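Chains as they are written, first to last, in full-length UniProt numbering: chain A, 1 to 57; chain B, 1 to 198; chain C, 1 to 374; chain D, 1 to 544.
These are calculated hints, taken from the structure and not from any lab test. Source: prediction; values computed, not measured. Note that beta-carbon positions come from the ideal geometry of N, C-alpha and C, so glycine has one too. Heads up, some of the hints might be wrong.
Label pairs and their computed distance ranges (CB to CB) [stated by the list, open to error]: (1) D/Pro118 <-> A/Lys6: 53 to 61 Å; (2) A/Ala49 <-> C/Ile88: 22 to 30 Å; (3) A/Val53 <-> D/Val78: 45 to 53 Å; (4) D/Pro168 <-> B/Thr66: 53 to 61 Å; (5) B/Thr66 <-> C/Gly159: 53 to 61 Å.
Sample of chain C residues at the chain A side, in silico, Cβ under 10 Å [said to hold, decoys possible]: (6) Arg67; (7) Ala101; (8) Val102; (9) Thr105; (10) Leu108; (11) Tyr112.
Below 27 Å or equal to it, Euclidean Cα-Cα: the simulated BS3-like pairs (lysine-lysine) are [claimed, not checked]: (12) C/Lys109 <-> B/Lys168; (13) C/Lys75 <-> D/Lys511; (14) C/Lys177 <-> B/Lys168; (15) C/Lys255 <-> C/Lys177; (16) C/Lys109 <-> C/Lys177; (17) B/Lys134 <-> B/Lys168; (18) D/Lys500 <-> D/Lys511.
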Amino acid sequence: MWQAIKSVLAAFLGVQKDARRREDFASNRPGTFIAAGLLMGVVFVVLVALVAVLAAR
Amino acid sequence: MASHDEQATGREGVRRTVTRTLVVLAGMFAFAFALVPLYDVFCEVTGLNGKTSNSAQMLVHEEVDTSRMVTVQFITRASAGLPWELDVQTRQVRVHPGQSNEVSFTFRNRGGDASRARAVPSVSPSEASVHLRKLSCFCFQEQRLEGGERLEAPLVFQLTRDLPADIKTVTLVYTLYPVQPAQAAVSPHGPIKEGDSA
Amino acid sequence: MRTLLVWMAGGLASAALTPIALANGWNMPVGVTAVSRDIYSLHMIIFWICVVIGVIVFGAMFYSLFRYRHSRGAKAATFHEHTSVEVIWTAIPLLILVGMAVPATATLKNMYDTSEADLDIMVTGQQWRWRYEYLGEEVAFTSNLGTPREQISGADEKGEHYLLEVDEPLVLPVGQKVRLLLTSDDVIHSWWVPDLAVKQDAIPGFVNENWVRIEEPGIYRGQCAELCGKDHAFMPVVVEAVEQERFDEWLVERKEAAAQEAQGVDREWGMDELMERGEQVYGSVCASCHQPDGTGNPPAFPALAGNQALLDEPERHISTVIDGVSGSAMPAFRNTLNAVEIAAVVTYERNAWGNESGDSVQPSEIAELLEQDE
Amino acid sequence: MASTLPPKPTPEHSTATAGGMAEAGHARPRGLMRWLLTTNHKEIGSLYLIFSLTMFFIGGIFALVVRAELFQPGLQLVQPEFFNQMTTMHGLIMVFGAIMPAFVGLANWMVPLQIGAPDMALPRLNNFSFWLLPVAFTLLLSTLLMPGGGPNFGWTFYAPLSTTYAPPSTTFFILSLHIAGISSILGAINIIATILNLRAPGMRMMDMPLFVWTWLITAFLLIAVMPVLAGVITMMLMDINFGTSFFNAAGGGDPVLFQHLFWFFGHPEVYIMILPAFGIVSAIIPTFSRKRLFGYASMVYATAAIAILSFLVWAHHMFVVGLPLVAELFFMYTTMLIAVPTGVKVFNWVATMFRGSISFEPPMLFALAFVVQFTVGGFSGLMLAISPADFQYHDTYFVVAHFHYVLVPGALFAILAGAYYWLPKWTGHYPHLRLSQWHFWLSVIGVNLTFFPMHFSGLAGMPRRIPDYALQFADFNVASSLGAFLFGASQLLFVLVIIKCVRGGEKAPAKAWEGAEDLEWSVPSPAPLHTFETPPDFHPHRQH
Numbered sequence: 001m002w003q004a005i006k007s008v009l010a011a012f013l014g015v016q017k018d019a020r021r022r023e024d025f026a027s028n029r030p031g032t033f034i035a036a037g038l039l040m041g042v043v044f045v046v047l048v049a050l051v052a053v054l055a056a057r
Numbered sequence: 001m002a003s004h005d006e007q008a009t010g011r012e013g014v015r016r017t018v019t020r021t022l023v024v025l026a027g028m029f030a031f032a033f034a035l036v037p038l039y040d041v042f043c044e045v046t047g048l049n050g051k052t053s054n055s056a057q058m059l060v061h062e063e064v065d066t067s068r069m070v071t072v073q074f075i076t077r078a079s080a081g082l083p084w085e086l087d088v089q090t091r092q093v094r095v096h097p098g099q100s101n102e103v104s105f106t107f108r109n110r111g112g113d114a115s116r117a118r119a120v121p122s123v124s125p126s127e128a129s130v131h132l133r134k135l136s137c138f139c140f141q142e143q144r145l146e147g148g149e150r151l152e153a154p155l156v157f158q159l160t161r162d163l164p165a166d167i168k169t170v171t172l173v174y175t176l177y178p179v180q181p182a183q184a185a186v187s188p189h190g191p192i193k194e195g196d197s198a
Numbered sequence: 001m002r003t004l005l006v007w008m009a010g011g012l013a014s015a016a017l018t019p020i021a022l023a024n025g026w027n028m029p030v031g032v033t034a035v036s037r038d039i040y041s042l043h044m045i046i047f048w049i050c051v052v053i054g055v056i057v058f059g060a061m062f063y064s065l066f067r068y069r070h071s072r073g074a075k076a077a078t079f080h081e082h083t084s085v086e087v088i089w090t091a092i093p094l095l096i097l098v099g100m101a102v103p104a105t106a107t108l109k110n111m112y113d114t115s116e117a118d119l120d121i122m123v124t125g126q127q128w129r130w131r132y133e134y135l136g137e138e139v140a141f142t143s144n145l146g147t148p149r150e151q152i153s154g155a156d157e158k159g160e161h162y163l164l165e166v167d168e169p170l171v172l173p174v175g176q177k178v179r180l181l182l183t184s185d186d187v188i189h190s191w192w193v194p195d196l197a198v199k200q201d202a203i204p205g206f207v208n209e210n211w212v213r214i215e216e217p218g219i220y221r222g223q224c225a226e227l228c229g230k231d232h233a234f235m236p237v238v239v240e241a242v243e244q245e246r247f248d249e250w251l252v253e254r255k256e257a258a259a260q261e262a263q264g265v266d267r268e269w270g271m272d273e274l275m276e277r278g279e280q281v282y283g284s285v286c287a288s289c290h291q292p293d294g295t296g297n298p299p300a301f302p303a304l305a306g307n308q309a310l311l312d313e314p315e316r317h318i319s320t321v322i323d324g325v326s327g328s329a330m331p332a333f334r335n336t337l338n339a340v341e342i343a344a345v346v347t348y349e350r351n352a353w354g355n356e357s358g359d360s361v362q363p364s365e366i367a368e369l370l371e372q373d374e
Numbered sequence: 001m002a003s004t005l006p007p008k009p010t011p012e013h014s015t016a017t018a019g020g021m022a023e024a025g026h027a028r029p030r031g032l033m034r035w036l037l038t039t040n041h042k043e044i045g046s047l048y049l050i051f052s053l054t055m056f057f058i059g060g061i062f063a064l065v066v067r068a069e070l071f072q073p074g075l076q077l078v079q080p081e082f083f084n085q086m087t088t089m090h091g092l093i094m095v096f097g098a099i100m101p102a103f104v105g106l107a108n109w110m111v112p113l114q115i116g117a118p119d120m121a122l123p124r125l126n127n128f129s130f131w132l133l134p135v136a137f138t139l140l141l142s143t144l145l146m147p148g149g150g151p152n153f154g155w156t157f158y159a160p161l162s163t164t165y166a167p168p169s170t171t172f173f174i175l176s177l178h179i180a181g182i183s184s185i186l187g188a189i190n191i192i193a194t195i196l197n198l199r200a201p202g203m204r205m206m207d208m209p210l211f212v213w214t215w216l217i218t219a220f221l222l223i224a225v226m227p228v229l230a231g232v233i234t235m236m237l238m239d240i241n242f243g244t245s246f247f248n249a250a251g252g253g254d255p256v257l258f259q260h261l262f263w264f265f266g267h268p269e270v271y272i273m274i275l276p277a278f279g280i281v282s283a284i285i286p287t288f289s290r291k292r293l294f295g296y297a298s299m300v301y302a303t304a305a306i307a308i309l310s311f312l313v314w315a316h317h318m319f320v321v322g323l324p325l326v327a328e329l330f331f332m333y334t335t336m337l338i339a340v341p342t343g344v345k346v347f348n349w350v351a352t353m354f355r356g357s358i359s360f361e362p363p364m365l366f367a368l369a370f371v372v373q374f375t376v377g378g379f380s381g382l383m384l385a386i387s388p389a390d391f392q393y394h395d396t397y398f399v400v401a402h403f404h405y406v407l408v409p410g411a412l413f414a415i416l417a418g419a420y421y422w423l424p425k426w427t428g429h430y431p432h433l434r435l436s437q438w439h440f441w442l443s444v445i446g447v448n449l450t451f452f453p454m455h456f457s458g459l460a461g462m463p464r465r466i467p468d469y470a471l472q473f474a475d476f477n478v479a480s481s482l483g484a485f486l487f488g489a490s491q492l493l494f495v496l497v498i499i500k501c502v503r504g505g506e507k508a509p510a511k512a513w514e515g516a517e518d519l520e521w522s523v524p525s526p527a528p529l530h531t532f533e534t535p536p537d538f539h540p541h542r543q544h
């Protein structure tokens, strides 16, 4: 799972090593990546919202 | 994903993919409609858009904050197509947060025939709407007035103590809209209650 | 090769033109408020950031196009990824963006602080005019397009402030914090004056807030910014900023003029007087939809000339003008026009363009309907 | 429209070889019926492309009506009512009738060829989803002739202008949009099913060309947001005809809710129109740089990141509707963040060219112009993201300049680049070089002359969607109008290029471009009607 989260984070930035990418796609478990993606998506929204709330104070 | 499968099992994969996308599709269509009530809930919780609750709220019993005063302005408007007037007894009041206040409004049907109308509220700044509790309001229901009839209706409200300190003026606007019979029948925003005119 | 030269010439030309363009006032106005100046400087900072990034990226690109031409015998390298370079060019824009977000956030917070205003103005959008109410001052009026139709059609020479002039501007005192409350009677409009850096949607059934503290006296012109139907281009905003003393005088004059007009209600008006006044009112508020010759533009805007229903039912004619028609472009004029104006325009409509009802409506009758004593 | 199809762009010999193939025992219908009933991905692709080109000219004529009226201040040619119908129809037709079908057409033609599939996964559905389009747009165009005129509320059709105050034809507008939406959805399902299931043995997801990748992500976006659009217009329909008040303040509804729902669809829609363009350009630049695409994986990831972020930025179209401060800040931050993956893409294209071996054939010219001009549109997009500044930019010609830079020299140029790139594969001939170059240069000059001055008129204070304007905007508008007519006229050259290319020209070999490497270049030019009936040998490391 940690590996998946790291890959998703890399995806958010749009930067990834070829080797790591190959590893990711070698594993035939898209479920993990979708779950990690959704999780990180929620984390991202919460983070930005939090920054916005703090900045608005 | 059936990428490594042979063509024969490809047909099976296509069927599976189509089923899945159709499920997502139906889900998204339903989601669009679910967004309407979700948006209402979201607005009510965050005060987005200055919407206020359209049912009576309970008074929050808390100590009145006498250290500061907030100006509450009332603006009344009547939209086109309705020979009605809505007036407020006082244009603005100065209140302490926590205190409950009553302001009287007057409806008048200038026209010759009976008609129905509804006062739609809006609060500015919108952040204040979460902290504005209406204990009683004419805006919860539509009004029906005979030709030439007049109706006094109270608004009882409370600004809660947690109103942000930088909000010093709250403006409450009521716009009167005519109610067409068809409109009252189906509203996606919950039923509009039939009010009695007395 | 030729291709490349043309590309570069084009790039250089536009780069050289940019400062000229900025110097010639093709840019966003700096404006006359603290907020407008803040916005202008945000605009210029982000603009120059974009220019610098553009020069670097396009520079690298055109260098490559020039240097590694196939026709020059360039042999392609084989590299196709470089993680640290990729991380760097992801991280640097991110940092620049954070740097931009900080001043933008500060400006935005300032723009949202509508507290402690000295004057409250209710701005109502209506197809296609603005209505201003000075809250607590009992002063209210509508502001219609001032440009004559002949200029729009091309029959007359266009004036200096073509389409940016109104019959009655919004008068504001300088140095005071003015809070604007915006709403609409029909569709969504947007009240915009570039020099004041205020643009805010006016939404039916909802109120929006914005504020302005003008620093220099002057006349500032803007327009409705949100598509609101046929005459969207013809509902300008004009703000006249004056010194406080002048503003106070103006308020007094305004109230006196209204009082004088109210006196006219009680007397009996002659047919010619009503027709003359009615034609004037019709021209400024009715003609844009119902047309100067009363032919309208069905189905949205019914014809008034030869309209039998209108001639047969004077009461309904009057109540339509006073209360409007729900869900159509016909607004309620009870707050926009006074009793004299309503009486005059109804009389005019009943007797112009071959409508020969012969009946006239007296201001006193309208006043009774409106019960203006309240 | 269908009955007046120009000469078939599919190679003539394909009909000749068709007899013994596929549906054995059935004689293939000929003439009109052949096109009505075809289930071949190449023929349907051609139909899509021809349809889109037709719509492009119709939408273009509407744009020229707008530009002609705006040539000078004052009302000269059309009345405001009609002007508003023209701006609205121009937007609707270009978005739903020209750009989107063009990308679907390219996907139909190229996705099976690029992944080594014999056809789309659902050929009959493919035929159906195409033929919905002419129905939808005939209906949409016919609203112009209805009493009260066609839609006149802008392509964003904000309520209540589009509900309570709309012309009577709005119900038909909604119906046509529903049909077009169903067509897009079916097309998307087909593309997803094809890409996920019909790849040549040995081709993994990460071996797919970027055009396939970007289309896969686009198709998911379509599946996610087209139903939301369908929902919104259904609510409009109910407000207009059944007395509900979703968006009507009088009945307790909220006009701002409309904008939230619309832009929840609308912003991903913007990316639907640009992601496949990224894919096309990412195929062309490596080909003519004779060098592998730099950062293939980053490109895929950046596309995915843009797609995800596109769901979180919608309210940046609504900065002046009176959002609370926190919402304003949230959407400003997310919008600024979307610049990062977009920037990564541009950097990758430039790095692909760096130390390549570059030549300037017509597809490459359009792709290079895409990179520069799309980036210009990206810059103005970044400026628009700064919420305080947006209070000045919003609803002005600055915004018009921004999205036209993204969509015309952006999306449209990518489509043109793709057409020039694949025309040899479609017709077996290279497009006429001189004419193509003329087309390119006149388009570039026309497009910039049209849209660059709009930045200035917007900053100077000219609101969008107005038929008449104040005198200080006159010079900018003269330039824009001249540019628009130049651009419009130069697109006739494109038609000429296509006709010449279908009829003849320099013969193209299977691998028409020296640096081209994807699977489509392994089949003969012109591509026979049926390809890859036995899956090709795919060697994953050949390319990556």
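So, going through the hints one by one against the coordinates:
Separated by about 39 Å at the C-beta atoms, D/Pro118 and A/Lys6 break the suggested range of 53 to 61 Å. Restraint check, A/Ala49 to C/Ile88: a C-beta distance of roughly 29 Å satisfies the suggested window 22 to 30 Å. Checked against the hint of 45 to 53 Å, the pair A/Val53 and D/Val78 passes, with Cβ atoms roughly 49 Å apart. At about 59 Å, the beta-carbon gap between D/Pro168 and B/Thr66 stays in the expected band of 53 to 61 Å.
Look at B/Thr66 against C/Gly159: about 58 Å separates their beta carbons, and that is inside 53 to 61 Å. For C/Arg67, the shortest C-beta to C-beta distance to chain A is roughly 26 Å, which exceeds 10 Å, and the interface hint is violated. Evaluation of the C/Ala101 hint against chain A yields a held restraint, the C-beta minimum of about 8 Å falling below 10 Å. About 9 Å separates the beta-carbon of C/Val102 from the nearest beta-carbon of chain A, less than 10 Å, and the hint is met.
Look at C/Thr105: its Cβ gets to within about 5 Å of chain A, closer than 10 Å, so that hint holds up. The interface hint given for C/Leu108 is met, as the beta carbon of that residue sits about 9 Å from the closest beta carbon of chain A, less than 10 Å. Interface restraint check for C/Tyr112: the shortest CB-CB distance to chain A comes to about 8 Å, inside 10 Å, so the restraint holds. Of the pairs offered as hints, the one joining C/Lys109 and B/Lys168 holds, with about 16 Å between alpha carbons and a cut-off of 27 Å not exceeded.
Between the alpha carbons of C/Lys75 and D/Lys511 the distance comes to roughly 20 Å, so the proposed pair stays at or under 27 Å and holds. Of the pairs offered as hints, the one joining C/Lys177 and B/Lys168 holds, with about 14 Å between alpha carbons and a cut-off of 27 Å not exceeded. A hinted pair counts as satisfied when its Cα atoms are at most 27 Å apart, and C/Lys255 with C/Lys177 qualifies at roughly 22 Å. Between C/Lys109 and C/Lys177 the CA atoms are separated by roughly 16 Å; this keeps the pair inside 27 Å, and the hint holds.
Our distance criterion of 27 Å between C-alpha atoms is met by B/Lys134 and B/Lys168, whose separation comes to about 19 Å. A hinted pair counts as satisfied when its Cα atoms are at most 27 Å apart, and D/Lys500 with D/Lys511 qualifies at roughly 21 Å.
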